[in-house]
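In the order they appear, the protein sequences are chains W and D.
Okay, so the first sequence: first residue is 1 according to full-length UniProt numbering, each after it adds one.
Okay, so the second sequence: first residue is 1 according to full-length UniProt numbering, each after it adds one.
Check each hint, because a few of them may be wrong.
For identical chains, the list gives no copy identity; a pair is met inside one copy or between any two copies.
Claimed, not checked - Using 30 Å as the maximum straight-line C-alpha spacing, the simulated DSS-like pairs for lysine-lysine come out as follows: (1) Lys-64 with Lys-170; (2) Lys-64 with Lys-173; (3) Lys-168 with Lys-64; (4) Lys-320 with Lys-170; (5) Lys-64 with Lys-310; (6) Lys-248 with Lys-310; (7) Lys-170 with Lys-310; (8) Lys-168 with Lys-221; (9) Lys-314 with Lys-221; (10) Lys-320 with Lys-173; (11) Lys-64 with Lys-248; (12) Lys-64 with Lys-314; (13) Lys-139 with Lys-319; (14) Lys-319 with Lys-173; (15) Lys-64 with Lys-139; (16) Lys-168 with Lys-320; (17) Lys-248 with Lys-139; (18) Lys-168 with Lys-314; (19) Lys-218 with Lys-248.
FYI, nobody ran anything at the bench for these hints, they're computed from the structure.
2 protein chains.
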Amino acid sequence: MSQGSNASEKKNCNILTTRIHCIVKLGGAAITQKTELETINESILAITALQLREAMEMRSPFVKMDWSRGNTSAEDVNMQILSLAAVERHLDFPNAFVVVHGAGSFGHFQASRSGVQRGDLNTPLVKAGLVATRISVTKLNHEVVRHFASEGIPAVGISPLSAGWCTKNKNFKEDDMTAVECTVNAGFIPVVHGDGVLDSAEGCSILSGDLIVRQLAKGLKPSFVVFLTNVPGVFDQPPSEPNAVLLKEIGQTELLWWISPCNAVQITVAAHDTTGGMAGKISEAAFIAAMGIDVYIVQAGTPHALEALKGNVKCSESKKRWIGTLVRSAQSKLLA
Amino acid sequence: MSQGSNASEKKNCNILTTRIHCIVKLGGAAITQKTELETINESILAITALQLREAMEMRSPFVKMDWSRGNTSAEDVNMQILSLAAVERHLDFPNAFVVVHGAGSFGHFQASRSGVQRGDLNTPLVKAGLVATRISVTKLNHEVVRHFASEGIPAVGISPLSAGWCTKNKNFKEDDMTAVECTVNAGFIPVVHGDGVLDSAEGCSILSGDLIVRQLAKGLKPSFVVFLTNVPGVFDQPPSEPNAVLLKEIGQTELLWWISPCNAVQITVAAHDTTGGMAGKISEAAFIAAMGIDVYIVQAGTPHALEALKGNVKCSESKKRWIGTLVRSAQSKLLA
Numbered sequence: 001m002s003q004g005s006n007a008s009e010k011k012n013c014n015i016l017t018t019r020i021h022c023i024v025k026l027g028g029a030a031i032t033q034k035t036e037l038e039t040i041n042e043s044i045l046a047i048t049a050l051q052l053r054e055a056m057e058m059r060s061p062f063v064k065m066d067w068s069r070g071n072t073s074a075e076d077v078n079m080q081i082l083s084l085a086a087v088e089r090h091l092d093f094p095n096a097f098v099v100v101h102g103a104g105s106f107g108h109f110q111a112s113r114s115g116v117q118r119g120d121l122n123t124p125l126v127k128a129g130l131v132a133t134r135i136s137v138t139k140l141n142h143e144v145v146r147h148f149a150s151e152g153i154p155a156v157g158i159s160p161l162s163a164g165w166c167t168k169n170k171n172f173k174e175d176d177m178t179a180v181e182c183t184v185n186a187g188f189i190p191v192v193h194g195d196g197v198l199d200s201a202e203g204c205s206i207l208s209g210d211l212i213v214r215q216l217a218k219g220l221k222p223s224f225v226v227f228l229t230n231v232p233g234v235f236d237q238p239p240s241e242p243n244a245v246l247l248k249e250i251g252q253t254e255l256l257w258w259i260s261p262c263n264a265v266q267i268t269v270a271a272h273d274t275t276g277g278m279a280g281k282i283s284e285a286a287f288i289a290a291m292g293i294d295v296y297i298v299q300a301g302t303p304h305a306l307e308a309l310k311g312n313v314k315c316s317e318s319k320k321r322w323i324g325t326l327v328r329s330a331q332s333k334l335l336a
Numbered sequence: 001m002s003q004g005s006n007a008s009e010k011k012n013c014n015i016l017t018t019r020i021h022c023i024v025k026l027g028g029a030a031i032t033q034k035t036e037l038e039t040i041n042e043s044i045l046a047i048t049a050l051q052l053r054e055a056m057e058m059r060s061p062f063v064k065m066d067w068s069r070g071n072t073s074a075e076d077v078n079m080q081i082l083s084l085a086a087v088e089r090h091l092d093f094p095n096a097f098v099v100v101h102g103a104g105s106f107g108h109f110q111a112s113r114s115g116v117q118r119g120d121l122n123t124p125l126v127k128a129g130l131v132a133t134r135i136s137v138t139k140l141n142h143e144v145v146r147h148f149a150s151e152g153i154p155a156v157g158i159s160p161l162s163a164g165w166c167t168k169n170k171n172f173k174e175d176d177m178t179a180v181e182c183t184v185n186a187g188f189i190p191v192v193h194g195d196g197v198l199d200s201a202e203g204c205s206i207l208s209g210d211l212i213v214r215q216l217a218k219g220l221k222p223s224f225v226v227f228l229t230n231v232p233g234v235f236d237q238p239p240s241e242p243n244a245v246l247l248k249e250i251g252q253t254e255l256l257w258w259i260s261p262c263n264a265v266q267i268t269v270a271a272h273d274t275t276g277g278m279a280g281k282i283s284e285a286a287f288i289a290a291m292g293i294d295v296y297i298v299q300a301g302t303p304h305a306l307e308a309l310k311g312n313v314k315c316s317e318s319k320k321r322w323i324g325t326l327v328r329s330a331q332s333k334l335l336a
């Protein structure tokens with residue numbers, strides 16, 4: 001991928017010139033402590049950053065890109081800058097990613113307590129709740145970007161409300177992906193997040209990370225999509241049940257069954273989860289698979305997550321020991 | 001201003017339906033401790049939030065809108081939510097503002113040390129610097145929004161790179177103001193910031209808050225613009241000089257003199273100030289005045305700042321004791 005030059009040469013940068021390897025969704029429940037208000041799951045986020053860097057196949061030396069107070073000393077930054085000045089190799093990578101993350105214990109509390117999903121901005125509680133929700137989710141976005149940049153990933157935060165994305169009757173059909181496309185073209189990793197946004201019919205709503213992934217997949221046509229979650233994949237019944245069986249693969253026929261309302265997957269969703277949990281994920285995965293794009297649902301922080309991010313799952317060596325769920329697109333061959 | 005309803009009724013919300021009272025620029029040097037890396041000037045930011053709320057003329061009871069961990073206890077939030085549920089009056093206000101802030105000690109260090117303004121993203125230092133700069137400026141934006149929300153202002157952060165804004169040869173001619181227009185229509189106060197952005201000719205650049213103010217003024221046609229700075233206004237020589245005289249008013253003729261390169265205002269700018277200081281401000285003020293919009297340059301945190309934000313400076317009572325500089329538009333009457 002030739003980076004920087006694409007953006008430089010083009011007058012309109014909002015035409016994607018870079019093939020997207022993967023859109024990865026970091027589940028809110030995976031990267032935060034979901035029962036502790038605004039608390040990050042540091043270890044999962046740290047491992048995920050390392051895995052992402054590995055999957056990007058960055059060829060350049062490690063460069064820390066978070067030079068914030070507290071994170072780095074002035075001396076450290078000076079050392080970084082000196083060493084960077086000597087780096088001749090571009091900070092480029094062959095595998096372009098777009099990252100989307102959920103909210104977990106950031107935002108969900110504020111959104112659910114105030115009823116942002118109700119949408120009526122004339123209600124003081126809803127209006128104040130939207131402000132409070134955005135403060136919380138943008139805080140998480142900032143932390144995710146910092147963690148990635150600390151691991152040498154050229155990450156830039158992209159916030160849906162800032163991007164002018166809005167919903168209509170809670171549906172998201174935005175097709176202006178300018179910020180995401182331009183940053184990918186220029187060799188960055190955009191990090192988008194679930195957000196409180198305006199709704200052209202109802203006032204406001206919550207635009208979930210899962211909905212964003214679907215819309216981005218439609219516009220950007222990645223090679224595949226990975227959902228990193230806090231469970232090993234999709235089970236035939238709640239994973240807490242003793243007989244629960246992990247479904248290694250879900251095809252189109254099964255998907256029709258899975259997403260039908262009367263057979264909705266029975267999963268335990270924390271009471272303050274505004275945006276869906278596993279049922280929503282499978283539904284979004286079904287839509288993405290219908291576009292001809294394979295979707296992997298896998299536990300964050302595990303070696304299986306890395307295999308999925310690398311796109312290795314279908315290799316003959318990996319496929320037997322891989323633990324996770326492949327939601328198979330119509331065009332895709334069977335896993336085994 | 002009927003809030004919320006505008007956004008609800010319109011299919012395309014990106015037509016401004018609300019008259020903007022004022023675009024206010026919070027100078028980076030005013031709201032941060034410019035010599036201390038990433039340190040906010042808490043007292044100035046707190047006073048400015050109070051003054052902004054007063055100038056907005058909010059009629060509704062005070063409602064804290066930052067429900068973050070650390071800022072508020074769970075009990076506090078519950079109390080807020082209970083009290084909000086009882087509030088019948090909309091959280092509306094007659095005077096719509098758009099806020100733009102500079103970077104001060106957030107971002108300038110990262111940008112100047114890495115040479116983001118050079119623009120060449122193939123240079124590792126520039127690319128890493130853009131990531132580091134954005135982490136820093138978005139951190140400040142988050143803090144400004146939190147301070148405002150804590151004072152009951154329905155503030156939402158809008159980030160230029162997220163909005164898809166980019167420069168070309170460092171010039172900013174963006175006319176897609178969707179996010180700003182939609183949030184104003186819906187009754188929020190957008191808080192925009194100077195940012196590291198992509199440049200379609202050079203790779204990347206720094207989009208200063210001053211440039212953003214000019215472009216927003218052009219598109220949104222506010223009644224007037226206020227620059228809140230760390231000095232009382234524009235002086236005829238550096239304010240540290242014993243004979244420096246504050247210029248109470250600058251008209252079109254003088255402006256042509258002031259912005260000519262050979263007569264550039266001599267001001268002390270900290271070495272790491274990437275985006276201009278007072279000289280840049282006067283130049284931007286000149287462009288805005290040429291659009292027929294008065295510009296007030298005044299010290300943040302003073303009673304004079306409040307008078308400017310309220311639009312009171314031209315009232316006969318205020319005009320004599322007001323301390324600051326009016327950059328007068330062609331259409332505007334003389335101050336005294």
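Structure-based check of all given hints:
Taking the shortest Cα distances, Lys-64 and Lys-170 sit within 30 Å of each other only across copies (27 Å), while inside one copy they are farther apart (39 Å). When the C-alpha separation of Lys-64 and Lys-173 is checked against a cutoff of 30 Å, the pair qualifies neither within a copy, at 36 Å, nor between copies, at 33 Å. For the identical chains of this complex, Lys-168 and Lys-64 are inter-copy neighbours only, at 28 Å across copies versus 40 Å inside a copy, given an alpha-carbon limit of 30 Å. In this homomeric assembly, Lys-320 and Lys-170 never come within 30 Å of each other (Cα to Cα): the closest approach is 40 Å inside a single copy and 53 Å across copies.
Taking CA atoms no more than 30 Å apart as the test, Lys-64 paired with Lys-310 passes inside one copy only; the shortest distance there is 22 Å, against 45 Å between copies. Taking the shortest Cα distances, Lys-248 and Lys-310 sit within 30 Å of each other inside one copy (18 Å), while across copies they are farther apart (64 Å). For the homomeric pair Lys-170 and Lys-310, neither the shortest alpha-carbon distance inside one copy (33 Å) nor that between copies (37 Å) is at most 30 Å. Proximity of Lys-168 to Lys-221 under the C-alpha cut-off of 30 Å is found in both arrangements, the shortest distances being 23 Å within a copy and 28 Å between copies.
In this homomeric assembly, Lys-314 and Lys-221 come within 30 Å of each other (Cα to Cα) only inside a single copy, at 19 Å, whereas the closest approach across copies is 57 Å. For the homomeric pair Lys-320 and Lys-173, neither the shortest alpha-carbon distance inside one copy (38 Å) nor that between copies (55 Å) is at most 30 Å. Within a single copy, Lys-64 and Lys-248 get their C-alpha atoms no closer than 37 Å, and across copies no closer than 48 Å, so neither meets the 30 Å cut-off. Taking the shortest Cα distances, Lys-64 and Lys-314 never come within 30 Å of each other, neither inside one copy (33 Å) nor across copies (52 Å).
Neither within a single protomer nor between protomers do Lys-139 and Lys-319 lie at most 30 Å apart by alpha-carbon distance, with minima of 37 Å and 42 Å respectively. Taking identical chains as interchangeable, the C-alpha atoms of Lys-319 and Lys-173 are never at most 30 Å apart, the minima being 35 Å within one chain and 51 Å between chains. Taking CA atoms no more than 30 Å apart as the test, Lys-64 paired with Lys-139 passes in both settings, with 20 Å inside one copy and 18 Å between copies. Taking identical chains as interchangeable, the C-alpha atoms of Lys-168 and Lys-320 are never at most 30 Å apart, the minima being 43 Å within one chain and 51 Å between chains.
Proximity of Lys-248 to Lys-139 under the C-alpha cut-off of 30 Å is found in neither arrangement, the shortest distances being 35 Å within a copy and 41 Å between copies. Taking identical chains as interchangeable, the C-alpha atoms of Lys-168 and Lys-314 are never at most 30 Å apart, the minima being 38 Å within one chain and 44 Å between chains. Taking the shortest Cα distances, Lys-218 and Lys-248 sit within 30 Å of each other inside one copy (24 Å), while across copies they are farther apart (57 Å).
In summary, the structure is inconsistent with hints 2, 4, 7, 10, 11, 12, 13, 14, 16, 17, 18 from the numbered list given earlier, while agreeing with the others.
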